[in-house]
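Novice: Here are the chains, one letter per residue:
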Amino acid sequence: MEDKEKLEGQQKGRREFLSCLGSALACSAAAAAAGAVTTGAVAATAAEAAATEVPPNPAIPGYDWTQHRWAFGVDATKCIGCLRCVEACKKENNVPLDAHHFRTWVERYVTLEGEETARIDSQADPVNIAASGSESEYRFADRYRDAKVEQAFFVPKLCNHCTHPACVQVCPTGATYKTEDGVVVIDHTYCIGCQYCVQACPYGARYFNEETGVTDKCTWCYHRITKGLQPACVEVCPVGARIFGDRNDKQSVISQFIQNNRVSVLRPETGNAPNVFYVGIDKDVS
Amino acid sequence: MPRHIFRLILVILVCVVVGYSAKRFFTLNSFYEYGHYRGDSVADIASDKPKFKGVGYCASCHAKQIAEWSNGVHNSSDIGKIVKCEVCHGAGGARDDRGPFEASATGADHPKNLKMVVPTDTRKLCTFCHERLTGRPLQQRQIVVADHAGTQQCIVCHNPHSPKLNLTPVEAAAQAGDPIVGKAKAAACVGCHGAEGVSRNLPGPSLAGQNATYFAEALKAYGAGGRNNPMMSPAAQAINAEDASHLAAYFSGLKCEAAPASDAQAASAGQAIASKCTACHGADGRASNGAWPNLAGQSKDYLINAIKAYKGGARNNGMMAGIVKDLSDSDAESVATYYASATCK
Amino acid sequence: METLLNSAPFTGYVYPNETMIPWTVLIVVYPYLTGLVAGAFTISSLYQVFGFHQLRPVAHFALLVSLCCMVVVPIPLLLHLGHPERAFNAMITPHTTSAFAIFAYAAAFYVILLMLETWFVFRPHIVQTAKKTKGPVGWIYRVATLGSDDLSEKALSYDRKWLFALAIIGIPGAHGLHGYVGFVFGSLKSREWWSSDLMPAIFLFSAIISGTALVIVLYVVSCKLRKVPVDLACVKVMAYSLWGFMMFTLLLEGLEFASMVYRGREGIDVIMSFVKGPLLVPFFILQFGLGSVLPLAVITFLIWRGTSGPTLVVAITTSACLVLLAVLMMRYNVVIGGQEIAKTGKGLLAYQPPIFAKEGLFTAGCVLVLPFVLLSILVRFLPPWHESDPALAKGAL
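Heads up: the protein sequence lines correspond to chains A, B and C, in order.
For the first sequence, position 126 matches number 126 in my numbering, and the numbering has no gaps at all.
For the second sequence, position 224 matches number 224 in my numbering, and the numbering has no gaps at all.
For the third sequence, position 38 matches number 38 in my numbering, and the numbering has no gaps at all.
Careful, some of the hints might be misleading.
Capping the alpha-carbon separation at 30 Å, the derived lysine-lysine pairs in DSS-like fashion look like this [what the hints assert, rightly or not]:
#	chain 1	residue 1	chain 2	residue 2
1	A	Lys227	B	Lys84
2	B	Lys325	A	Lys227
3	C	Lys236	C	Lys224
4	A	Lys227	B	Lys115
5	A	Lys250	B	Lys164
6	A	Lys283	C	Lys224
7	A	Lys283	B	Lys81
8	B	Lys53	B	Lys81
9	B	Lys115	B	Lys300
10	A	Lys250	B	Lys112
11	A	Lys283	C	Lys189
12	A	Lys178	B	Lys49
13	B	Lys112	A	Lys227
14	B	Lys81	B	Lys164
Examples of chain A residues lying across from chain B (beta carbon under 10 Å, computed) [unchecked claim]:
#	residue
15	Pro56
16	Asn93
17	Gly182
18	Val185
19	Val279
Sample of chain B residues with no beta-carbon within 12 Å of chain C, all distances over it, derived [unchecked claim]:
#	residue
20	Pro2
21	Arg3
22	Thr27
23	Lys81
24	Ile155
25	Pro163
26	Asn229
27	Ala291
Calculated from the structure, these hints are not laboratory results.
Virtual Cβ for every residue (Gly too), placed ideally from N, Cα, C.
Kindly produce the complete structure, drawing on both the sequences and the hints.
Specialist: Below, the structure is given as structure tokens:
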């Protein structure tokens with residue numbers, strides 16, 4: 001008898017609970033719906049209005065970003081390792097003038113006699129910084145002068161502006177993004193400086209600017225290319241190792257470069273689909 | 001439902017609504033316009049001012065340098081090697097006081113209040129590209145700096161806008177002249193230049209053992225007015241190119257004569273100073289290139305006068321002017337003593 | 001140029017931008033704290049949901065531990081950000097492909113869940129204290145009652161149901177929260193040391209053992225402070241849970257490392273030289289040896305011998321301390337160790353954390369200590385001990 005009462009009591013309790021929960025859900029749904037309807041109504045009318053007209057392209061004077069598909073080429077057979085590109089980029093883009101923050105850099109690969117893999121250094125290597133005498137001027141030290149060198153060459157590196165950028169994928173706020181013309185840039189007013197993108201980039205192209213508190217990287221000098229200029233590094237390279245242009249134009253230097261050479265990219269296995277195309281790199285370059 | 005449960009649900013609902021409204025309120029207007037980012041930032045990024053202006057910007061005022069550069073080897077567009085102005089002079093579009101190309105004036109823009117840098121340490125600047133370096137493609141002209149120029153600045157010999165030195169004679173002699181014919185014609189020269197081309201105390205310089213190409217060029221310059229001398233100019237005008245080549249062949253075959261060692265101290269001082277001359281004129285005073293004159297055994301007074309003429313501009317040679325610019329009179333005398341007594345071979 | 005505190009010297013070849021270590025000791029502390037949250041909540045749930053009645057003495061205490069750690073979790077993150085004032089951007093416009101954005105919402109959801117659960121557990125106490133206390137503190141209690149002093153059986157049964165639902169939701173909540181932290185590292189393609197499908201599971205299970213170990217240590221310490229005998233059955237159950245979860249954690253961590261070595265991808269020789277060199281003490285000795293194998297052996301021995309009494313308490317507590325150390329070392333080895341292996345696969349960096357800097361060891365230490373300071377204050381307002389609080393003893397649970 002008691003058990004039955006208890007069971008009934010439990011069932012009643014359960015029913016009450018469920019009905020209460022149900023009414024709570026109904027209340028919350030109604031409230032949420034009411035809230036959503038009022039805020040959504042405003043958005044809906046705006047969206048309707050917007051749907052009938054295409055959103056205007058960004059207000060860049062004299063530039064239509066739907067007309068361009070930018071790409072970059074590097075001819076590593078030509079690079080002389082003069083590092084004018086590194087210094088020009090730092091000047092053009094206010095990059096911190098030390099050996100730890102670079103939008104672009106140059107690597108040197110030297111295979112000595114009897115060794116199977118190349119020895120690699122960049123202009124940021126302490127030996128090279130000591131040779132240049134300053135962290136803001138860059139020069140490669142001639143450290144292999146007395147060695148038996150089998151092969152040696154320079155490889156300029158920069159952000160690859162991947163088609164499937166890992167950095168954009170991991171950004172929590174949407175501060176870094178890829179533009180319609182193929183350039184991956186950073187909104188410095190929106191970045192919170194978590195540096196997740198710095199971790200995610202397989203190429204080490206990004207860095208954190210301690211002074212501004214946001215991350216930064218090569219933008220292919222977006223402020224120059226939208227004015228018909230070349231990126232600063234391409235502008236100053238004295239030997240034509242860096243090539244930049246519009247793939248939509250089949251006659252542009254970059255289209256010709258890609259078409260006429262067997263070009264390769266860095267770390268294709270990541271699936272990022274980089275848009276910097278290399279000629280003249282070898283197995284040791286990654 | 002107990003009161004507290006009802007009120008709790010109410011509190012939760014209020015929080016959710018407030019949170020969602022805050023999210024909508026704080027989302028910036030242009031966000032989501034083109035994608036998951038602030039649409040206005042594209043134009044923001046594109047609106048930055050470029051700092052590097054390009055060659056066209058310089059050409060409007062610096063026509064002379066642009067002309068030198070356009071025809072020079074630093075503008076070899078055929079082989080894709082172009083050294084633009086801002087590579088050496090810094091960005092023309094904005095002041096950047098953070099690094100090596102620090103502007104020397106306040107302000108933002110060249111030429112308004114921004115002076116471009118004229119690099120002084122060319123030995124540091126030029127060697128960024130031209131220092132011999134492992135990994136540098138061999139098509140790139142590169143030198144071992146210490147062996148090439150010692151401690152000299154590059155611009156002592158090289159015009160940075162058109163740096164290639166004219167190492168080959170402008171016009172190589174069509175055919176070498178005949179020294180026997182030259183000897184016959186040289187009779188007219190003996191009075192000032194000496195019987196065997198060794199001048200000793202005569203007014204003219206020694207000609208014995210002088211490079212034939214240089215000799216012929218000098219005569220041509222006197223005849224055409226590039227070099228000016230009241231004696232030599234009319235004399236040279238009377239000598240045609242063929243005769244000049246005969247004379248050059250004759251004199252180049254003669255043996256020069258070193259002056260007796262007079263002032264050993266001056267000579268050794270001169271040898272030290274002459275280290276900047278050796279690149280072209282040779283350590284022993286015999287030039288490595290036929291276009292440049294041998295100095296060994298040359299008349300000391302002639303050498304001193306030549307140095308003065310280069311310094312003052314009476315003789316017009318940019319390269320020589322640069323090299324002798326800092327020579328004092330006593331330096332000039334020391335150098336001249338050294339070369340005058342240098343062993344002739 | 002001011003000293004670049006997060007720069008690291010290197011050997012071999014590293015990308016120039018890698019010489020600045022992006023994630024410092026604060027990012028070691030943050031997953032550690034999140035892990036303690038998940039682990040302590042697991043102990044609480046073992047009682048609430050899975051009916052481990054022996055855990056009654058610590059169930060509510062574990063909840064408070066979880067809550068105190070959870071409210072401190074945002075602090076190391078905010079200290080690390082370049083623009084902490086913009087931190088809410090990740091919630092205003094969350095980029096859903098980013099583990100950080102999802103984590104922001106998961107953390108917000110979870111802290112609310114924890115607060116709700118704490119409220120339900122302590123409601124009888126809050127209601128009673130609200131009646132007795134005067135002044136501003138009393139006012140806080142009264143607000144917390146939501147104006148209801150209903151402690152009838154009907155009300156308490158509602159509370160029980162809510163608690164049960166919250167605890168059930170909270171298990172995937174806590175585990176998802178910390179699993180996401182593992183996913184932050186495991187999903188990246190750029191670092192061989194991090195890139196692993198097992199990373200969320202590894203983080204999760206090491207979180208559970210760290211939380212369990214923390215509850216053990218804090219419970220024993222609090223018993224000593226309150227001069228109350230330690231409930232041996234409770235400690236035993238916690239030890240068994242610790243033992244079980246530790247075995248699984250060791251299995252996962254061992255599997256991950258073994259897979260990496262076996263596959264031997266490009267860069268593995270640099271990784272191996274790193275593990276056998278600079279990482280030898282932190283990884284093999286501290287994390288694996290001292291921190292995992294030793295406590296596991298000790299607890300195995302205790303279980304096998306059926307030890308009880310003060311020996312059990314001392315041995316378990318010591319083992320728990322070692323486990324806490326092990327999990328902290330694990331976070332350090334993953335976060336800092338991973339950044340010391342260059343993305344090039346051809347170089348190694350050597351990061352020396354600064355001591356007195358915004359992101360230095362002292363700050364990290366303070367952040368680690370803070371939850372316990374908060375806990376010591378909170379237990380005075382919401383005492384979780386059944387011996388002292390009859391209301392709780394009969395109460396909602």
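Novice: All hints are to be evaluated individually against the structure, with a verdict given for each.
Specialist: Now the hints, each set against the structure:
Between Lys227/A and Lys84/B, the direct Cα distance comes to roughly 19 Å. Compliance with the 30 Å bound is thereby established for this hinted pair. At roughly 46 Å between alpha-carbon atoms, Lys325/B and Lys227/A are farther apart than 30 Å, so this suggested pair is violated. For the proposed pair Lys236/C and Lys224/C, the alpha carbon gap of about 17 Å is at most 30 Å, so the pair holds. At most 30 Å may separate the alpha-carbon atoms for a hinted pair to count; Lys227/A and Lys115/B meet this at roughly 25 Å.
A distance of roughly 37 Å separates the Cα atoms of Lys250/A and Lys164/B; the hinted pair therefore is violated under the 30 Å criterion. Distance hint between Lys283/A and Lys224/C is unfulfilled; the C-alpha atoms sit about 64 Å from each other, more than 30 Å. The hinted pair formed by Lys283/A and Lys81/B meets the criterion: a straight-line CA distance of about 28 Å does not exceed 30 Å. In summary, the hint linking Lys53/B to Lys81/B is supported, as the alpha carbons are separated by about 19 Å, within the 30 Å threshold.
With a C-alpha separation of about 44 Å, the suggested pair Lys115/B and Lys300/B falls outside the 30 Å cut-off, and the hint is violated. For the suggested pair Lys250/A and Lys112/B, the alpha carbons sit about 40 Å apart, so the restraint of at most 30 Å is broken. For a cut-off of 30 Å, the pair hint linking Lys283/A to Lys189/C stands: about 20 Å separates their Cα positions. At roughly 21 Å between alpha-carbon atoms, Lys178/A and Lys49/B fall within 30 Å of each other, so this suggested pair holds.
Between Lys112/B and Lys227/A the CA atoms are separated by roughly 22 Å; this keeps the pair inside 30 Å, and the hint holds. Distance hint between Lys81/B and Lys164/B is fulfilled; the C-alpha atoms sit about 13 Å from each other, no more than 30 Å. Taking 10 Å as the C-beta cut-off, the interface hint given for Pro56/A holds, the closest approach to chain B being about 9 Å. With a least beta-carbon distance of about 8 Å to chain B, the hint placing Asn93/A at the interface is held under the 10 Å criterion.
At its closest, the beta carbon of Gly182/A sits 13 Å from a beta carbon of chain B; the interface hint therefore is violated under the 10 Å criterion. Contact between Val185/A and chain B, as hinted, is supported at the beta carbon level, the nearest pair being about 5 Å apart and thus within 10 Å. The beta carbon of Val279/A is not positioned within 10 Å of any beta carbon in chain B (closest approach about 13 Å), and the interface hint is therefore violated. Remark: the non-interface label on Pro2/B conflicts with the geometry, its nearest Cβ contact in chain C lying 4 Å away (cut-off 12 Å).
For Arg3/B, the shortest C-beta to C-beta distance to chain C comes to about 4 Å, within the 12 Å cut-off, and the non-interface label is violated. Non-interface status of Thr27/B relative to chain C is broken: a Cβ of that chain comes within 12 Å, the nearest being about 6 Å off. Remark: the non-interface label on Lys81/B is consistent with the geometry, its nearest Cβ contact in chain C lying 26 Å away (cut-off 12 Å). The claim that Ile155/B lies off the interface holds: its Cβ sits roughly 32 Å from the closest Cβ of chain C, which is beyond the 12 Å cut-off.
Here Pro163/B stays apart from chain C, with its beta-carbon at least about 31 Å from theirs, past the 12 Å limit. For Asn229/B, the shortest C-beta to C-beta distance to chain C comes to about 60 Å, beyond the 12 Å cut-off, and the non-interface label holds. Against chain C, the non-interface label of Ala291/B holds: every CB pair exceeds 12 Å, the least being about 47 Å.
Going through the hint list in order, the structure does not satisfy hints 2, 5, 6, 9, 10, 17, 19, 20, 21, 22.
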